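*Asks:* Residue strings, one per chain:
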Amino acid sequence: MLTVSDISFTRENPILRNVSFELVQGEILVVLGPSGSGKTSLLRCLNRLESIDAGEIFLNGENIETPPVMELRRKIGLVFQTSALIPGTVKENIGIGPALAGKDFPDTNCHSLLAQVGLVHEHLTRNADALSVGERQRVALAQVLANEPDVLLLDEPTSALDPTAVLTIETLIQSLHRKLNTATVLVTHNLEQAKRFNARTLVLIDGEVFAEGNIHELMESEKSPLLTKFFEGRMD
Amino acid sequence: MENESLLMSYGLVIGAILISFYNQLKIERELFWSSLRATVQLIAMGFVLEAILDIQNPLYLLLILLFMCTVAGAISGNRGKEISGSHWIAFAGIFIGSLVTFGVLYAAGVIESETRYVIPLGGMIIGNSMKASSLSLNRLISEMGHQRARIETLLALGASSKQAALNAVGQSVKAAMIPTMDTMKTAGLVHFPGIMTGFIIAGGSPMTAVKFQLAIMYMVAGATGITCLIVTLLAYRQCFTRNLQLTTRRGAA
Numbered sequence: 001m002l003t004v005s006d007i008s009f010t011r012e013n014p015i016l017r018n019v020s021f022e023l024v025q026g027e028i029l030v031v032l033g034p035s036g037s038g039k040t041s042l043l044r045c046l047n048r049l050e051s052i053d054a055g056e057i058f059l060n061g062e063n064i065e066t067p068p069v070m071e072l073r074r075k076i077g078l079v080f081q082t083s084a085l086i087p088g089t090v091k092e093n094i095g096i097g098p099a100l101a102g103k104d105f106p107d108t109n110c111h112s113l114l115a116q117v118g119l120v121h122e123h124l125t126r127n128a129d130a131l132s133v134g135e136r137q138r139v140a141l142a143q144v145l146a147n148e149p150d151v152l153l154l155d156e157p158t159s160a161l162d163p164t165a166v167l168t169i170e171t172l173i174q175s176l177h178r179k180l181n182t183a184t185v186l187v188t189h190n191l192e193q194a195k196r197f198n199a200r201t202l203v204l205i206d207g208e209v210f211a212e213g214n215i216h217e218l219m220e221s222e223k224s225p226l227l228t229k230f231f232e233g234r235m236d
Numbered sequence: 001m002e003n004e005s006l007l008m009s010y011g012l013v014i015g016a017i018l019i020s021f022y023n024q025l026k027i028e029r030e031l032f033w034s035s036l037r038a039t040v041q042l043i044a045m046g047f048v049l050e051a052i053l054d055i056q057n058p059l060y061l062l063l064i065l066l067f068m069c070t071v072a073g074a075i076s077g078n079r080g081k082e083i084s085g086s087h088w089i090a091f092a093g094i095f096i097g098s099l100v101t102f103g104v105l106y107a108a109g110v111i112e113s114e115t116r117y118v119i120p121l122g123g124m125i126i127g128n129s130m131k132a133s134s135l136s137l138n139r140l141i142s143e144m145g146h147q148r149a150r151i152e153t154l155l156a157l158g159a160s161s162k163q164a165a166l167n168a169v170g171q172s173v174k175a176a177m178i179p180t181m182d183t184m185k186t187a188g189l190v191h192f193p194g195i196m197t198g199f200i201i202a203g204g205s206p207m208t209a210v211k212f213q214l215a216i217m218y219m220v221a222g223a224t225g226i227t228c229l230i231v232t233l234l235a236y237r238q239c240f241t242r243n244l245q246l247t248t249r250r251g252a253a
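So the protein lines, in turn, are chains Y and H.
Counting in the working numbering, the final residue of the first sequence is number 236, and the numbers go up one at a time with none missing.
Counting in the working numbering, the final residue of the second sequence is number 253, and the numbers go up one at a time with none missing.
Honestly, the hints are just simulated from the structure, not real lab data.
Values in this document were obtained by computation on a predicted structure and should not be read as measured data.
Do not take every clue at face value.
[Claimed, not checked] Using 25 angstroms as the maximum straight-line C-alpha spacing, the simulated DSS-like pairs for lysine-lysine come out as follows: (1) K162(H) / K91(Y); (2) K162(H) / K75(Y); (3) K179(Y) / K195(Y); (4) K162(H) / K103(Y).
[To be verified] So these bits of chain H aren't anywhere near chain Y, every CB distance computed over 12 angstroms: (5) G15; (6) A16; (7) N23.
Where a beta carbon is used, it is the ideal one built from N, C-alpha and C, also for glycine.
Sequences are here, hints too, so could you generate the full structure?
*Replies:* Given below as structure tokens:
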């Protein structure tokens, strides 16, 4: 489904170096790494908010630079770490993706998405500015899901939440994943969160893939000193 | 007016410089050079006007106006250096805004094609357009930075550059039009605008002064409105790459 082949991305300094991985339909891939390791940049490259310097990215066998960028971004949806909702109601926010594409977004779809992200009918008419951080993240998730993406990119979706809300959103992501079977890339710096997801994990340090596999197995296997340092929480 | 009186009126600028210095606003230098520049330019313009008011060749008049637009475009473009081609964008906005306004006023019979009308009114139109262009560029750059998260959220959802920048563009045009709007709202209540004041001081009838002033206000509103729109609509496109990525790092985490 999604093939990332040897990509590099540089801004002033190299951000990503020779990153490769594959993601199949219905899979969750956790990208784990300390702050500044290039996790967010990786997602931005997949959504084409940044252009890679080398390598190729394929979605369903097609290079992501082939389709029009607006179309591609609907197929590879990105939920930001801190969502910037548009001024207006929750309903307007959820329907913004289809509206931008000039498509109708029936109320039934909106209600269904609202329920899927764990919000109630009363939220629809509520102003986006009046939502809690957790509710905003749910609306941001619904916004992206309204575009019916093939791949869902989640950039530290719980980093701004309190510990209880973190667990609730994690449960929500897992239940959505079970229901929609959408290929998902979840970025986190939190080792405990990666363990809870118990999925294939890509460890990214200084823009390079240091390890790949199930997180529990990775922790038990023989590791490089840098990886040990990260797993022991001695890196930020 | 005596030259001494004029010199004394400069005391107001010195006062503003001292206030700025006292409050560490750090605009003394720019205030001083701007006022000095205005003085030198206006005195030079006085000499030039005396020489050119006799010119009746429309081609020369056009060249003079074009020169004024070029200088205005260069000055205004400096306010938007972060935007690629800002000088051309400012020039295009000022030139088209001035041309349309001038054309409409000429066609309506408000002004005549004599040098004594064309040059001073041209200066007024171009000057106001330049201010509008500078404000538009300045505000657009700042809005694109402030609204970066929102713009990128919309882009990531599949928005075009126009859809993503719509709010920033609207805010920029609105902000650039504030001085013109406020001037129109308070005309006659808070202040007596320039032309009217001059006309009355020169002994003209107040009602004729009002008619002239209204025409001038419409002219300034038209020129600034057109300039703001052209400049902002051309400039926002430069804030995005072909792949609909923001060109500026302003506001980035």
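*Asks:* Could you run down the list of hints and mark each one as holding or not?
*Replies:* Hint check results:
Under the criterion of a C-alpha separation no larger than 25 angstroms, the hint pairing K162(H) with K91(Y) is consistent with the structure, at around 22 angstroms. For the hint pairing K162(H) with K75(Y), the CA-to-CA distance comes to about 20 angstroms; that is within 25 angstroms, so the pair holds. Under the criterion of a C-alpha separation no larger than 25 angstroms, the hint pairing K179(Y) with K195(Y) is consistent with the structure, at around 21 angstroms. This hinted pair checks out: K162(H) and K103(Y) have alpha carbons roughly 17 angstroms apart, not beyond 25 angstroms.
Interface exclusion of G15(H) from chain Y stands, the closest Cβ pair being 42 angstroms apart, more than 12 angstroms. For A16(H), the requirement that its beta carbon stay farther than 12 angstroms from each beta carbon of chain Y is met, with the minimum near 38 angstroms. Listed as a non-interface residue, N23(H) keeps its Cβ farther than 12 angstroms from every Cβ of chain Y; the least gap is roughly 35 angstroms.
Of the hints listed earlier, there is not a single one the structure fails to meet.
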